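Engineer: Top line first, the protein sequences correspond to chains A and B.
Per our numbering, the first sequence starts with residue 1, numbered consecutively.
Per our numbering, the second sequence starts with residue 1001, numbered consecutively.
The reader is advised that the hints may include incorrect statements.
[What the hints assert, rightly or not] Here are a few chain B residues that sit away from chain A, every Cβ distance over 10 angstroms (derived from the structure): (1) Tyr-1031; (2) Asn-1033; (3) Asp-1077; (4) Ala-1252; (5) Arg-1296.
[As the list claims (entries may be wrong)] Per the computed footprint, the stretches of chain B lying under chain A, defined by three or more beta-carbons under 8 angstroms from a beta-carbon of chain A, are: (6) 1533-1544; (7) 1640-1650.
Simulated from the structure, these hints should not be mistaken for lab results.
Note that the coordinates shown come from a computational prediction; the quantities given were computed from them, not determined experimentally.
The beta-carbon is built from N, C-alpha and C at its ideal position, and this holds for glycine as well.
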Amino acid sequence: METKITDSQMVAEDGQGNLLFRDASLLKVLKMMNSTPSNSQKTNAHPTPRILPGV
Amino acid sequence: MPFAVTSWPSLGLGLLKSALTAVGITSQVIYFNAGFADLVGEEVYATPSNGAPHNTDLIGEWIFSEALWGPSPSRDDAYYQDVIMGARTAHRKNTSPEKLAEAWDHARLCRSRVEAFLEDCIKQHDWNTIRIVGFTSVFQQHVASLTLAKRLKAQFSHLHIVFGGSNCEGPMGLATMKSFAFIDAVCVGEGDTAFPTYVRQVLEGRPTTANNILARDHFQGCVDGEPDIVPEPEQTVDMNRLPFPDFDDFFAQHDRRREDDRPPARVIFETSRGCWWGQKNHCTFCGLNGTTMAFRYKSAGRAIEEIQYLLERYGEKTRNLSAADNIIPYQYFEEFLPKLVELNMDLSLFYETKANLRKDQLITYRKAGLSEIQPGIENLDTDILKLMKKGVSGIQNIQLLKWCKELGITPLWNLIFGFPGERPAAYDEMARRMAALSHLEPPSGFGRLRFDRFSPYVSNPASFGVVNLQPFPAYDYVYPGVSPSARVDMAYYFTGSFAGDESIADYTLELRAAIDRWRQDAEQSLLAHIEDGSRFVIFDTRHEGAAKAFSLKGSYQKVVAQSDGIVSFDQLVLDRTEREHLPMVIAELSRHGLIYVEGERILRLSVPLDSAYRPAPEALARLRDIMIDEGEDDGNNQIVKLCHKDVISLEI
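Can you build the whole structure from these sequences, using the hints too?
Structural biologist: If you want it as structure tokens, here you go:
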């Protein structure tokens, strides 16, 4: 494809309001789907019972 | 004893075993709680052990109350109606009928196994060879402990029964001693020195004079009267002199449990006691430190040695270590945490901490292995936090939640409501603002303020306008044979009244719904950004409908770029024209939920994609839905496109 992103950019507009990305971190995250547990998927219960039970 | 959690050992008993060993006294720590969990299954056991439906329902205590006091179907019926179903105002709850029914089913199943369990406890050991039996009692372990103690004393009169643990601290211990004649002594404070001294005196048949120990002979045989001798209070001053805890008995028993029905083990360690914040400003609701608020901590070197020792001994079983501390010593940023970073011991640590941390401090936490923390967040409204004397603002709490997301630290936190003097409208505002926070960790617990023993609300209720303090009604059902005055002294959870409290349930309805939504949305919510010199792009999946992105340039870009940490309007570096635009820029960023505004301070809410942030798969899928793969450019770089209809451009 003919990109409009220069070497120094991660993001650029294509002239029609669309955004083009060449950002390693974005692509890395998009590829990460289904491969890494999220921060919020806890595997261990809280170690002290000081948390109020959900109501 | 039940209903202690089965996944970690008792720190108190581990310390006492080491202390006894040091003076040549043989002891064994028996984890009867694990035996009970084996009988009923870990899932069923977890209900009372986790304090469901509510801690104040005392369902774990109720389970053993029949064995202690004898059967009473009418009392059980009344407990079910008044406490579980919430007929009594103090026990009113919003738990779903399904969850309530499950908790009650689990409780009844547990109760049906109590007699078999107690028989097992007695049969499994040769009590004739034992001189002293000590029970540690924390949270909902008291009635189970009393029940076994009573039966042991009845069958083996030579046994010397001692109680301790936080359920016995101060007046609770005295009331326990006065109410149960089969107990020979109660440790009413820290037992590090007192207990080994006492045991030695008992074994040698000498008069018992240990500090912190209230012994039966101090009463001269009068059960209901006051003691003739009040033991001297004593606290461990030099934490470095404490032994390393001995958890061998725990792991031996844990290893014998069925592998498919035992929780992963953790090791408990301790680096401090008391609270350095509470010494200066006692949080109004906190009773955690009992009579021992004075802050004491181990030197960095001693703390590291203990962790290394525990890893050497138990590291093959688990690398998860939880600090029992109520607050991590602030001095630990200087030496302890950097040393942990340097040692790189492949740990997963848990600590409780104050919430007003700087980012560099949180980074140090993460590098040191702290993967879970419990910051005392408690609320998101600064005025209510002031009422609590938390020493932190709402926006600081949100800053912490955001940075935790970025750094891959799980913050466990409660949202507590119903404080005397709070502004009801604050909760509707909080609920409205929560929609912008759904990519952050939602509260694990959400509940109304209760008055805990040792908290300022209980020790000085008049200064908060609190009247009519009394134990939660559940205590009547689990201690029916205890005098009303002793029941008050044994209680830890209290109810009370104050102006405006009748409308708390109403004015927090919106908040309750907002937290439910937050919990539901958390797994599909993402608010993350990338930045290059030309613009700031924020991806957003927090709301219903298609994901979207914000392309920020000019003043918008400058404001979000400078507000990773809380920044005041005045602190923003802007030229004259940009400053003129600032009110509009802030209003617009706030309207889209991209910044959080408190007074004249702001905080960017998005998390950098290029970080330890790991959005949930559902959130990434929603983002991916609007991304179009454009293949590779001339330099073999992969390119993705975001269509203009999915982009909101803000530029001025």
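Engineer: Take the hints in turn and mark each one as holding or not.
Structural biologist: Consistency of the hints with the structure:
With 10 angstroms as the threshold on Cβ separation, the claim that Tyr-1031/B sits away from chain A holds: the shortest Cβ distance comes to roughly 16 angstroms. The Cβ of Asn-1033/B sits about 13 angstroms from the closest Cβ of chain A, beyond the 10 angstroms cut-off, so the non-interface label holds. A cut-off of 10 angstroms between C-beta atoms confirms that Asp-1077/B is not in contact with chain A; the least separation is 24 angstroms. The Cβ of Ala-1252/B sits about 21 angstroms from the closest Cβ of chain A, beyond the 10 angstroms cut-off, so the non-interface label holds.
For Arg-1296/B, the shortest C-beta to C-beta distance to chain A comes to about 19 angstroms, beyond the 10 angstroms cut-off, and the non-interface label holds. Using a Cβ-Cβ cut-off of 8 angstroms, 4 residues of the region 1533-1544 of chain B lie near chain A, which meets the minimum of three, so the contact claim holds. Look at the region 1640-1650 of chain B against chain A: 7 of its residues bring a Cβ nearer than 8 angstroms to a Cβ of that chain, three or more, so the hint holds.
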